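Throw the hints in and build the complete structure from the sequences for me.
By our numbering, the letter at position 216 of the sequence shown is numbered 216, and the numbering carries on one by one without gaps.
If you're looking for bench data, these hints aren't it; they were derived computationally from the structure. Fair warning: this is a prediction, and the values are worked out from it, not measured in the lab. A virtual CB, placed ideally from N, CA and C, is assigned to each residue, including glycine. Be aware that one or more of the hints could be misleading.
What the hints assert, rightly or not - Now the in silico label distances, taken between C-beta atoms and shown as ranges:
#1 R147 to E122: 27 to 37 Å
#2 G43 to P180: 19 to 29 Å
#3 M146 to K240: 35 to 45 Å
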Amino acid sequence: MTVAALIDVRRLGFRYTDGPPALTDITFRVEPGETVAILGPSGAGKSTLLLHINGLLPSRLPTEHSDEATITVGDLPLTSANLNAVREKVGLLFQNPDDQLFCPTVARDVAFGPLNLGLSPEMVTARVERALAEVGLESFADRDTMRLSMGERKRACLAGLLACHPDCLVLDEPFSNLDPRGRQQIASIVRRFSGTTLLATHDLDLVGDLCDRVLVLDSGILCADGETRTILSNQSLMEKHGLSVPTCRDPATMNTEKPSASSPNVTYNSDSGSEDRLPILDHNLPDDPAVPLSRPPDGAPA
1 MTVAALIDVR RLGFRYTDGP PALTDITFRV EPGETVAILG PSGAGKSTLL LHINGLLPSR
61 LPTEHSDEAT ITVGDLPLTS ANLNAVREKV GLLFQNPDDQ LFCPTVARDV AFGPLNLGLS
121 PEMVTARVER ALAEVGLESF ADRDTMRLSM GERKRACLAG LLACHPDCLV LDEPFSNLDP
181 RGRQQIASIV RRFSGTTLLA THDLDLVGDL CDRVLVLDSG ILCADGETRT ILSNQSLMEK
241 HGLSVPTCRD PATMNTEKPS ASSPNVTYNS DSGSEDRLPI LDHNLPDDPA VPLSRPPDGA
301 PA
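See below:
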């Protein structure tokens with residue numbers, strides 16, 4: 001039996017008012033448990049694409065293919081009727097954490113999502129404590145969100161997503177404006193997440209460490225889709241789309257321990273020329289980020 005993709009995008013098109021097409025005929029699948037990067041130059045349409053996945057930016061303006069476009073998350077087509085259910089499955093991290101943090105303290109911000117899911121106060125408290133522990137902010141519960149560093153703000157945002165137990169994380173530039181330690185802290189959270197992750201980034205070295213697969217987007221067109229090491233080692237492809245081959249590692253050796261759930265071949269668009277990772281911990285974050293974790297059993301406290 002074929003396992004349904006967690007994210008299935010078909011013929012997605014989008015045009016901002018009075019502008020050129022921002023997305024044109026985008027089609028791809030993300031399988032359960034995959035970690036997939038979207039690469040491309042600035043203005044390629046990466047953020048626009050991510051905002052569609054949980055319906056924040058619906059294709060309501062006409063494009064050549066928009067009448068045929070569909071987005072499915074799990075078994076739910078993205079429609080007005082299913083919008084809340086889809087958003088429960090997809091946790092979206094904005095590029096700027098200040099667009100996401102709005103409560104006076106970290107704990108209250110992390111609690112916002114679970115409270116809106118209708119959970120009991122006891123369950124909300126448990127989820128907040130566990131999410132803060134996972135992102136290393138357990139001592140920051142009462143901290144003013146405006147007094148956090150950039151890395152702490154991004155981790156607080158991730159805690160808010162993880163407290164809702166999403167099936168998928170959609171991350172817009174999660175490593176931007178961070179020092180090396182902050183980048184590795186975010187990477188550790190992504191690595192340990194047991195669900196599906198779709199992220200847009202310019203950090204190609206971390207893509208090589210984290211991602212099973214890479215999509216290359218340029219001028220709103222999906223130009224290539226393939227295994228991480230295959231894409232990143234293709235110098236002509238990378239340079240053609242304003243990208244550079246990672247400098248810290250040999251791309252041909254990247255991510256060999258985590259084979260892709262998709263075809264190993266690269267798909268090019270001619271038009272443009274499980275280590276178990278877990279959303280919420282049952283215990284304090286181990287020092288070794290490679291320790292495999294498992295989701296709490298059904299019926300266990302959330």
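Results of checking the hints against the structure:
{"no.": "1", "hint": "R147 to E122: 27 to 37 Å", "in the structure": "28 Å, holds"}
{"no.": "2", "hint": "G43 to P180: 19 to 29 Å", "in the structure": "27 Å, holds"}
{"no.": "3", "hint": "M146 to K240: 35 to 45 Å", "in the structure": "42 Å, holds"}
No hint from the list above goes unmet by this structure.
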